[in-house]
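> This is what each chain is made of:
There are 2 protein chains.
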Amino acid sequence: MTLKQNWQQNRQITLASRPVGAPTPDNFKLRETAIPKPAQGQVLLRTIYLSLDPYMRGRMSDAKSYAEPVAINEVMIGGAVCRVEQSHHENFQVGDLVVAYTGWQDYAIANADELLKLPEQLTTPSYALGVLGMPGLTAYMGLLDIGQPKAGETVVVAAASGAVGSLVGQIAKLHGCHVVGIAGSAEKCHYVTDSLGFDACLNHRDSNLAEQLAQQCPNGIDIYFENVGGAVFDAVMPLLNASARVPLCGLISQYNATELPSGPDRLSQLMGLLLVKRIKMQGFIVFDDYGHRYNEFSQAMSKWLAEGKITYREDMVQGLEHAANAFMGLLTGENFGKLVVQVGPLTLAK
Amino acid sequence: MTLKQNWQQNRQITLASRPVGAPTPDNFKLRETAIPKPAQGQVLLRTIYLSLDPYMRGRMSDAKSYAEPVAINEVMIGGAVCRVEQSHHENFQVGDLVVAYTGWQDYAIANADELLKLPEQLTTPSYALGVLGMPGLTAYMGLLDIGQPKAGETVVVAAASGAVGSLVGQIAKLHGCHVVGIAGSAEKCHYVTDSLGFDACLNHRDSNLAEQLAQQCPNGIDIYFENVGGAVFDAVMPLLNASARVPLCGLISQYNATELPSGPDRLSQLMGLLLVKRIKMQGFIVFDDYGHRYNEFSQAMSKWLAEGKITYREDMVQGLEHAANAFMGLLTGENFGKLVVQVGPLTLAK
Numbered sequence: 001m002t003l004k005q006n007w008q009q010n011r012q013i014t015l016a017s018r019p020v021g022a023p024t025p026d027n028f029k030l031r032e033t034a035i036p037k038p039a040q041g042q043v044l045l046r047t048i049y050l051s052l053d054p055y056m057r058g059r060m061s062d063a064k065s066y067a068e069p070v071a072i073n074e075v076m077i078g079g080a081v082c083r084v085e086q087s088h089h090e091n092f093q094v095g096d097l098v099v100a101y102t103g104w105q106d107y108a109i110a111n112a113d114e115l116l117k118l119p120e121q122l123t124t125p126s127y128a129l130g131v132l133g134m135p136g137l138t139a140y141m142g143l144l145d146i147g148q149p150k151a152g153e154t155v156v157v158a159a160a161s162g163a164v165g166s167l168v169g170q171i172a173k174l175h176g177c178h179v180v181g182i183a184g185s186a187e188k189c190h191y192v193t194d195s196l197g198f199d200a201c202l203n204h205r206d207s208n209l210a211e212q213l214a215q216q217c218p219n220g221i222d223i224y225f226e227n228v229g230g231a232v233f234d235a236v237m238p239l240l241n242a243s244a245r246v247p248l249c250g251l252i253s254q255y256n257a258t259e260l261p262s263g264p265d266r267l268s269q270l271m272g273l274l275l276v277k278r279i280k281m282q283g284f285i286v287f288d289d290y291g292h293r294y295n296e297f298s299q300a301m302s303k304w305l306a307e308g309k310i311t312y313r314e315d316m317v318q319g320l321e322h323a324a325n326a327f328m329g330l331l332t333g334e335n336f337g338k339l340v341v342q343v344g345p346l347t348l349a350k
Numbered sequence: 001m002t003l004k005q006n007w008q009q010n011r012q013i014t015l016a017s018r019p020v021g022a023p024t025p026d027n028f029k030l031r032e033t034a035i036p037k038p039a040q041g042q043v044l045l046r047t048i049y050l051s052l053d054p055y056m057r058g059r060m061s062d063a064k065s066y067a068e069p070v071a072i073n074e075v076m077i078g079g080a081v082c083r084v085e086q087s088h089h090e091n092f093q094v095g096d097l098v099v100a101y102t103g104w105q106d107y108a109i110a111n112a113d114e115l116l117k118l119p120e121q122l123t124t125p126s127y128a129l130g131v132l133g134m135p136g137l138t139a140y141m142g143l144l145d146i147g148q149p150k151a152g153e154t155v156v157v158a159a160a161s162g163a164v165g166s167l168v169g170q171i172a173k174l175h176g177c178h179v180v181g182i183a184g185s186a187e188k189c190h191y192v193t194d195s196l197g198f199d200a201c202l203n204h205r206d207s208n209l210a211e212q213l214a215q216q217c218p219n220g221i222d223i224y225f226e227n228v229g230g231a232v233f234d235a236v237m238p239l240l241n242a243s244a245r246v247p248l249c250g251l252i253s254q255y256n257a258t259e260l261p262s263g264p265d266r267l268s269q270l271m272g273l274l275l276v277k278r279i280k281m282q283g284f285i286v287f288d289d290y291g292h293r294y295n296e297f298s299q300a301m302s303k304w305l306a307e308g309k310i311t312y313r314e315d316m317v318q319g320l321e322h323a324a325n326a327f328m329g330l331l332t333g334e335n336f337g338k339l340v341v342q343v344g345p346l347t348l349a350k
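As they're listed, the protein sequences go chains X and Z.
In terms of UniProt numbering, the first sequence opens at residue 1 and continues consecutively.
In terms of UniProt numbering, the second sequence opens at residue 1 and continues consecutively.
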């Protein structure tokens with residue numbers, strides 16, 4: 001998968017086969033096709049930044065879910081920042097930057113109503129895929145609308161150095177909470193406490209995570225922002241306070257699972273815990289549930305960024321041909337910050 | 001445990017030992033003590049109706065929970081309708097009817113601020129333990145505040161002939177929902193459809209519950225009011241719609257469990273379901289979470305009762321000496337309607 005861009009053809013990464021367990025290079029295929037031509041009302045887009053996100057693992061499977069799976073031999077889906085290369089629609093000019101769900105490819109055709117034009121004052125366009133995009137909205141709405149944090153409460157955030165978790169914890173700090181992160185390496189933990197300002201951060205690869213977490217949460221846990229599942233949730237469960245809230249936006253530790261873990265069956269234990277502690281656990285899919293509140297989020301987050309109250313880190317991979325490897329690493333926590341692939345140059349000059 | 005009331009002594013049923021699994025007669029002990037004397041600011045209460053409710057099973061165990069367990073050799077706790085026999089407080093007169101948490105005994109002392117005086121127009125005082133009391137408030141708030149039913153949605157209610165379930169389904173019907181009950185006998189199911197007006201009712205002892213439930217819920221399930229757990233929840237899970245709500249007020253099928261069921265461990269499966277279907281599952285303890293909204297509930301329910309829109313059934317057991325047997329039967333579904341023990345006569349004439 002080393003085909004280099006020649007700008008005469010359209011490279012596409014397709015789903016070659018469905019993964020069983022963790023995705024492997026065989027599941028992806030790089031192919032070249034002709035650059036498509038826009039019809040009336042359409043534009044031709046060139047991908048600049050492609051967002052890689054854990055939800056894409058779900059779309060590679062054909063298990064019943066909230067969204068249609070990617071079909072075999074179809075282009076992998078994904079959101080991207082693109083530049084308009086040709087326009088057959090009056091609202092878009094060549095050179096405009098837009099966000100669109102064009103997927104893992106160099107070029108794509110899109111209808112004008114599928115595009116979100118980026119504001120010209122956005123100095124770092126890739127932020128539209130992260131802190132000012134889907135991960136940011138996820139953090140903001142999951143924490144504030146479902147979590148309802150109050151000053152002095154304890155908030156625990158898994159995947160704390162990642163795109164969503166890093167924002168959840170910083171927003172919780174802005175609301176006066178005691179914030180404990182959980183991340184996958186000592187280096188990430190240092191970043192979470194020193195650069196992001198969390199009160200503490202624990203390495204989930206340590207053997208005594210449960211004890212460390214109990215020490216860092218002497219008053220229990222009021223909000224657990226869940227995007228990981230598995231052993232981290234096991235450590236969180238006994239510490240959840242009465243009336244705790246568990247916004248649930250991902251379970252990355254489970255995405256590659258091929259079968260259920262062995263017993264005992266703790267389903268009834270979880271329900272019993274929710275009952276006796278009056279806990280709310282709520283899954284959400286951010287654009288379906290909160291898309292209508294994007295502007296509210298965008299204004300708040302832009303202000304925090306401008307004031308230097310939010311720190312945001314990207315893990316930028318160069319070249320579409322590295323997307324599959326980067327995505328496989330995302331599922332095992334190899335990225336450090338929001339994973340973005342730079343597919344094409346930002347400026348028009350070649 | 002056949003000691004009869006002589007009105008010279010106070011009979012008390014105490015917790016003799018903690019049950020392992022289902023409670024047995026050995027766990028209870030009937031004893032006689034002197035009738036206590038009220039101090040200044042207190043009243044002497046005589047129990048008329050004692051409420052028996054599933055939550056009491058939890059208080060018999062010393063597992064960590066939202067409330068302190070009953071201590072060994074202490075009187076079993078419980079809400080009751082009582083008559084004031086002596087009053088040393090200006091707000092209460094001999095003969096007043098009150099609700100108080102006096103427990104399983106003939107007489108008790110209470111402070112004035114622990115009493116809720118019943119309105120004189122309440123023609124059936126025992127209703128204060130059911131349709132107009134804790135079970136009614138549980139049904140009303142769980143369904144309306146957590147469940148947020150909309151006309152045309154499908155609501156499934158377990159323990160549909162019981163104190164809470166019967167009200168949940170009828171309130172859901174008043175909100176235009178398609179309501180399917182689940183109960184433990186053909187006789188109960190007939191009552192649920194014919195007298196309570198549910199659209200359908202299934203017997204959870206039938207072997208093909210899951211298939212029958214799917215047939216009765218052709219559009220899936222939008223609200224599942226959970227007070228049972230176990231096999232009923234297993235049948236409900238695959239039918240839950242996107243954005244479904246699961247108010248969780250009890251898990252009676254689990255209360256006597258001594259260990260977790262064997263595997264596989266479906267905890268992650270449940271969380272995955274909540275995630276991809278954006279489901280809210282929320283436990284609640286009604287007086288802690290909704291006590292401040294009792295008046296709103298009481299007005300609405302009193303109006304429905306007066307208009308004949310709510311049907312309510314009691315299962316009245318005669319005599320405190322039968323309380324333990326009645327309670328053990330409650331946990332296996334032997335009662336039919338709200339279980340109440342008539343401990344003393346309603347009228348003052350002896």
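These aren't lab readings, by the way, just hints derived from the structure by calculation.
Just so we're clear, the structure is a prediction, and the values are computed from it rather than from any experiment.
Check each hint, because a few of them may be wrong.
Claimed, not checked - Partner residues are not named here, just some residues of chain X that face chain Z (Cβ under 7 Å, in silico):
# : residue
1 : Val94
2 : Pro264
3 : Ile279
4 : Gly283
5 : Leu305
6 : Lys309
7 : Arg313
8 : Asn325
9 : Met328
The beta carbon of each residue, even a glycine, is placed where N, CA and C say it ideally should be.
> What are the numbers of the hints that this structure violates, sorted from low to high?
1, 5, 6, 7, 8 and 9
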